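Student: Each chain, letter by letter, is given below.
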Amino acid sequence: MNDIHLSFILNGQRVNLVIAPNIMLVDLLRDILGLKGTKVGCREGECGACTVLLNGEPVNSCILPAMKVMDQFVTTIEGITKDHALDPIQQAFIDEGAIQCGFCSPAMILSAKALLEKNPNPTEYQIKESLSGVLCRCTGYKKIIKAVQTASAIRKSLG
Amino acid sequence: MDEEKKKKAKVINREKLDTQQLFQLKTEVGLSVVGQSIPRTDAREKATGKLAYGADYPQEGYLHGKILRSPFPHALIKKINVEKAQKLPGVVAVLTAKDVPGRNSFGVVIPDQPVICGDKVRFVGDAVALVAGETEEISYRALSMIEVEYEPLQPVFDPKEALKPEAPLIHDQGNLLVHHKLRKGDVQKGLAESDVILERTYKVPFVEHAYLEPDVVMAIPKPDGTIRIQGPMQAPFTVRRNVAAVLGIPINKVQVRSIYMGGGFGGKEDAPLDIGCRAAVLAVKTGRPIRLALEREEVTLQTAKRHPHIMEIKIGAKKDGTIVAFEGTIYNEKGAYASLGPLVNIHSVIMMPGPYEIPNCKVDGYLCYTNHPFGGAMRGFGAPQVCFAHESIIDELALELGMNPLEIRRKNAFKLGSMTATSQVLDQSVGLQETIEACAKAFDWNRRYQEAGYLDRERTRRRGVGIGMGFYRTSFGASFDGCGANVYVQEDGSVLLYSGITEIGQGSFTVLTQICAEELGICVEDIRLVEPDTDLVPEAGPTVGSRSTTLMGNAIILAARQVKDSIMEMASEMISVPVERLAAKNRYIWDCEHPENRIHFRDVVSKCWMKGKRLIGQGWWAPPPPSLDPETSQGNPYFVYAYSTQMAEVVVDVETGEVEVTDFVAAFDVGKAINPCAVEGQIEGGITMGLGYALMEEIILKDGYIQNLSFQDFLIPTIKDVPQITPIILEVENKLGPYGAKGMGEMPNIPTAPAIVNAIAHACGGRVRSLPADPEKVWRAIREAGGPPEK
Chain A
1 MNDIHLSFIL NGQRVNLVIA PNIMLVDLLR DILGLKGTKV GCREGECGAC
51 TVLLNGEPVN SCILPAMKVM DQFVTTIEGI TKDHALDPIQ QAFIDEGAIQ
101 CGFCSPAMIL SAKALLEKNP NPTEYQIKES LSGVLCRCTG YKKIIKAVQT
151 ASAIRKSLG
Chain B
1001 MDEEKKKKAK VINREKLDTQ QLFQLKTEVG LSVVGQSIPR TDAREKATGK
1051 LAYGADYPQE GYLHGKILRS PFPHALIKKI NVEKAQKLPG VVAVLTAKDV
1101 PGRNSFGVVI PDQPVICGDK VRFVGDAVAL VAGETEEISY RALSMIEVEY
1151 EPLQPVFDPK EALKPEAPLI HDQGNLLVHH KLRKGDVQKG LAESDVILER
1201 TYKVPFVEHA YLEPDVVMAI PKPDGTIRIQ GPMQAPFTVR RNVAAVLGIP
1251 INKVQVRSIY MGGGFGGKED APLDIGCRAA VLAVKTGRPI RLALEREEVT
1301 LQTAKRHPHI MEIKIGAKKD GTIVAFEGTI YNEKGAYASL GPLVNIHSVI
1351 MMPGPYEIPN CKVDGYLCYT NHPFGGAMRG FGAPQVCFAH ESIIDELALE
1401 LGMNPLEIRR KNAFKLGSMT ATSQVLDQSV GLQETIEACA KAFDWNRRYQ
1451 EAGYLDRERT RRRGVGIGMG FYRTSFGASF DGCGANVYVQ EDGSVLLYSG
1501 ITEIGQGSFT VLTQICAEEL GICVEDIRLV EPDTDLVPEA GPTVGSRSTT
1551 LMGNAIILAA RQVKDSIMEM ASEMISVPVE RLAAKNRYIW DCEHPENRIH
1601 FRDVVSKCWM KGKRLIGQGW WAPPPPSLDP ETSQGNPYFV YAYSTQMAEV
1651 VVDVETGEVE VTDFVAAFDV GKAINPCAVE GQIEGGITMG LGYALMEEII
1701 LKDGYIQNLS FQDFLIPTIK DVPQITPIIL EVENKLGPYG AKGMGEMPNI
1751 PTAPAIVNAI AHACGGRVRS LPADPEKVWR AIREAGGPPE K
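Sequence lines, in order, name chains A and B.
The first sequence begins at 1 in the working numbering and counts up by one.
The second sequence begins at 1001 in the working numbering and counts up by one.
Any given hint might turn out to be false.
[Claimed, not checked] Straight-line alpha carbon distances no greater than 27 Å define the calculated DSS-like cross-link-like pairs of lysine-lysine that follow:
| no. | chain 1 | residue 1 | chain 2 | residue 2 |
| --- | --- | --- | --- | --- |
| 1 | B | 1098 | B | 1285 |
| 2 | B | 1720 | A | 128 |
| 3 | B | 1285 | B | 1078 |
| 4 | B | 1222 | B | 1164 |
| 5 | A | 118 | B | 1720 |
| 6 | B | 1098 | B | 1084 |
| 7 | B | 1441 | B | 1415 |
| 8 | B | 1050 | A | 146 |
| 9 | A | 146 | B | 1720 |
| 10 | B | 1777 | A | 82 |
| 11 | B | 1189 | B | 1318 |
| 12 | A | 146 | B | 1441 |
| 13 | B | 1084 | B | 1120 |
| 14 | B | 1181 | B | 1203 |
| 15 | B | 1120 | B | 1181 |
| 16 | B | 1079 | B | 1120 |
| 17 | B | 1777 | B | 1791 |
| 18 | B | 1050 | A | 128 |
| 19 | B | 1702 | B | 1164 |
| 20 | B | 1720 | A | 156 |
| 21 | A | 146 | A | 118 |
| 22 | B | 1720 | B | 1777 |
| 23 | B | 1415 | B | 1735 |
| 24 | B | 1079 | B | 1098 |
[As the list claims (entries may be wrong)] Listed next, with one range per pair, are the computed distances between beta-carbon atoms:
| no. | chain 1 | residue 1 | chain 2 | residue 2 | range |
| --- | --- | --- | --- | --- | --- |
| 25 | B | 1783 | A | 124 | 34 to 44 Å |
| 26 | B | 1119 | A | 63 | 39 to 49 Å |
| 27 | B | 1135 | A | 57 | 43 to 53 Å |
| 28 | A | 119 | B | 1574 | 25 to 35 Å |
| 29 | A | 57 | B | 1089 | 37 to 47 Å |
| 30 | B | 1775 | A | 119 | 27 to 37 Å |
| 31 | B | 1119 | A | 12 | 58 to 68 Å |
| 32 | A | 124 | B | 1776 | 23 to 33 Å |
| 33 | B | 1775 | A | 125 | 21 to 31 Å |
| 34 | A | 124 | B | 1629 | 22 to 32 Å |
| 35 | B | 1712 | A | 34 | 49 to 59 Å |
| 36 | B | 1712 | A | 4 | 51 to 61 Å |
[Unchecked claim] A short, non-exhaustive set of chain A residues, derived as facing chain B with CB atoms under 7 Å:
| no. | residue |
| --- | --- |
| 37 | 37 |
| 38 | 81 |
| 39 | 84 |
| 40 | 97 |
Hints were generated in silico from the structure; no laboratory data involved.
Model, not experiment: these values are computed from the prediction.
Yeah, the Cβ is synthetic: ideal placement off N, Cα and C, and Gly gets one too.
Sequences and hints are given; from them, build the entire structure.
Tutor: And the structure:
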């Protein structure tokens, strides 16, 4: 198979590169672009640790061929910290004790980001629905839900 | 300094304190760091995705190791031909059993698992050959080119079958690895005196830890003949010991670094031995760094699981609910290799009668090899298995006696001075009764117990409530159980803390830093904890057995006090106050009688450094040595226990057997919560894992093959499965713990499953005696009990 040209917008910057047509987005991000914040837990779209945002929607990057993101917007965990300032969601995850081993944290935070951008005042049920694509084996999810609620309140207070 | 001040500053006397006295010292000025829910020290790195896990380490220059596994559960290896694989371009080494330089076996307790099998394979997943190639693809291709001729043998898949004389031998010494016995009182007499005797059998399956981060290890050979092994691992010292033996080199030539882990739950105690030893052999044979990473399916196939138990119980009680006899038999399925089985087995045996004072107990635990994957350590170490059994049968007993399940527990549960099944007298820190009362009150047990019944007019959904209770050790109860710590205060007042306890997500780095800061009277930010590296940190044993906070915490306190001696003496001189009158908190040292007379920690340290005073502290703490009679299991196996009572509310669909857990209250006696937020995190996480054990988790085996290798088929709880959880933290001081703390990481995981299964029985009358209580089993249990209740 011939290599193909890929151009997409990654964390606010256009990236142009040549890739093998069968490479998955997660491997492009981690091994070629060096963005290791996106994790690999199962490579079959079940655990959700590889979640990134595609045009603002959470997707499993381990089962998404990289060529599918041509001219699309991709956001990884590295893309939501602006000038070393944490996103309020990240701060809430830290403050509420929503992080233990941390392996699912980037995926959880990005899923929460996608939710709060669309729905600034989610109910607990909506939070659960939106984060249900990511598994966590450590926390029991309670503090993650609390962190999303706290982040929602902080975002509101920041206007 | 004027003469009068000098007189005042005279040290009156100095007394060497033993450990017990040391921990009885109460600090008069209160705690400033311990007991605070400070955020984890690693939280920012984790929230930003910057923290490097094993898979994130650079891979340039590494060869990729892969394992050829047995396709048979039990077979002889007749011939291996590696020629074709060796010739594949990019393949650097293909190794078989003869290539292992030292001992061709590893194991945490007994080294019975081959690094590379030579003559025989014992489970589907056993290693037959190892490959190192320039890329993962090349290594995988090479695996498919290795030709192995097997002669399949009759396999054994059932622990009871394995004990029969005609059963095929899995290991030469027999299929019974160990038989542990517990004998207290006279169980026959106890049963004879009982008004009611119940006899039941309970079963639990293999389950997977399901940590999200797949196992990975790196082995880096050095020109001087040493080797470095690094990866996510709970037991770097155990890895070191095994790698040294497998390579046939002294322990001091092996350096092991435990890096941050994406979860472990006991599974990363022995999985890193397996891949660590294999990567080490490949590294030594090729002279190149090796990276050996497992895919998710390989993790499930190859690594340890929670042991399945078949548990037969006979329990005898008086009419008033007093339990007088407990007789239990455990058929503990070992699977193919020993791993931690012998230690799990004795723990299952001594924990089986539960947290109840029973005068006559008899338990037999048979640990039996089979040709299944092997059991190892998993959060609770035998206790979740037997807790399911003792909490189920006590509920059945209550029903039989017409008693409220809360009452029968209250009546028999441990209190201060109680005698356990091993005849250990619980002489301190026994908060079980307190957890019962706190939990019952917060849950409103008595009201909700009366209110079970249908929720809808269609009579499909029934609500019920259940209790689970348990206790759990701190430490692993062996004579070699101890922790060392070094505390080095630098000339500017900053501190390096060296500890071999690993960070698996539980928050140990944060909690241990809090203890160090409290003891030195400084802030958490002043301390950097050096990540566990066997070349740098003193022996600490493994991060298991809920031992880290207590054992390492004590070692850190002892280390910190050595440097604090120098610092306080110097401070005493500098502000002319006797040492006895000084207090240290938040970077200041002051005169308790005149708090305005104070000095900064940094300035005192600087002076100490100038004057050559000791700023290096080295602490070692080992629990009181355990005693356990090998024939009767009578004695003191552990020095302290944590306690928990949990209450669950479930809604059961009587037509489909589906169960929803709708509310959960759990109370814990943890001695002292060093970081309450972290303790809550352990509680919520442990309960959620227990919910999975109760309702959905099971490694399904058919003819020795795992049917659910991936997360698609091995289900664990998602965010949608988790109910409201109310954690209640109680603190009944452990006199031998740092600030009164005791272990609690495993405790929350133990009584959850029986609480849920008891609630199911309460809701619909159907008693599930075999985990998981999936819809099919619940549906059947309802029918066996005579169908859905009428009202």
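Student: Take the hints in turn and mark each one as holding or not.
Tutor: Hint-by-hint comparison with the structure:
no.: 1; hint: B:1098 to B:1285; result: holds (12 Å)
no.: 2; hint: B:1720 to A:128; result: holds (6 Å)
no.: 3; hint: B:1285 to B:1078; result: holds (24 Å)
no.: 4; hint: B:1222 to B:1164; result: violated (50 Å)
no.: 5; hint: A:118 to B:1720; result: holds (20 Å)
no.: 6; hint: B:1098 to B:1084; result: holds (18 Å)
no.: 7; hint: B:1441 to B:1415; result: holds (19 Å)
no.: 8; hint: B:1050 to A:146; result: holds (23 Å)
no.: 9; hint: A:146 to B:1720; result: holds (14 Å)
no.: 10; hint: B:1777 to A:82; result: violated (52 Å)
no.: 11; hint: B:1189 to B:1318; result: holds (13 Å)
no.: 12; hint: A:146 to B:1441; result: holds (25 Å)
no.: 13; hint: B:1084 to B:1120; result: holds (22 Å)
no.: 14; hint: B:1181 to B:1203; result: holds (20 Å)
no.: 15; hint: B:1120 to B:1181; result: violated (32 Å)
no.: 16; hint: B:1079 to B:1120; result: holds (11 Å)
no.: 17; hint: B:1777 to B:1791; result: holds (22 Å)
no.: 18; hint: B:1050 to A:128; result: holds (26 Å)
no.: 19; hint: B:1702 to B:1164; result: holds (21 Å)
no.: 20; hint: B:1720 to A:156; result: holds (26 Å)
no.: 21; hint: A:146 to A:118; result: holds (18 Å)
no.: 22; hint: B:1720 to B:1777; result: holds (22 Å)
no.: 23; hint: B:1415 to B:1735; result: holds (16 Å)
no.: 24; hint: B:1079 to B:1098; result: holds (13 Å)
no.: 25; hint: B:1783 to A:124: 34 to 44 Å; result: holds (35 Å)
no.: 26; hint: B:1119 to A:63: 39 to 49 Å; result: holds (41 Å)
no.: 27; hint: B:1135 to A:57: 43 to 53 Å; result: violated (33 Å)
no.: 28; hint: A:119 to B:1574: 25 to 35 Å; result: violated (60 Å)
no.: 29; hint: A:57 to B:1089: 37 to 47 Å; result: holds (43 Å)
no.: 30; hint: B:1775 to A:119: 27 to 37 Å; result: holds (33 Å)
no.: 31; hint: B:1119 to A:12: 58 to 68 Å; result: holds (60 Å)
no.: 32; hint: A:124 to B:1776: 23 to 33 Å; result: holds (30 Å)
no.: 33; hint: B:1775 to A:125: 21 to 31 Å; result: holds (23 Å)
no.: 34; hint: A:124 to B:1629: 22 to 32 Å; result: violated (53 Å)
no.: 35; hint: B:1712 to A:34: 49 to 59 Å; result: violated (30 Å)
no.: 36; hint: B:1712 to A:4: 51 to 61 Å; result: violated (30 Å)
no.: 37; hint: 37; result: holds (2 Å)
no.: 38; hint: 81; result: holds (5 Å)
no.: 39; hint: 84; result: violated (9 Å)
no.: 40; hint: 97; result: holds (4 Å)
Going down the numbered hints, you'll see the structure goes against 4, 10, 15, 27, 28, 34, 35, 36 and 39, while the others check out.
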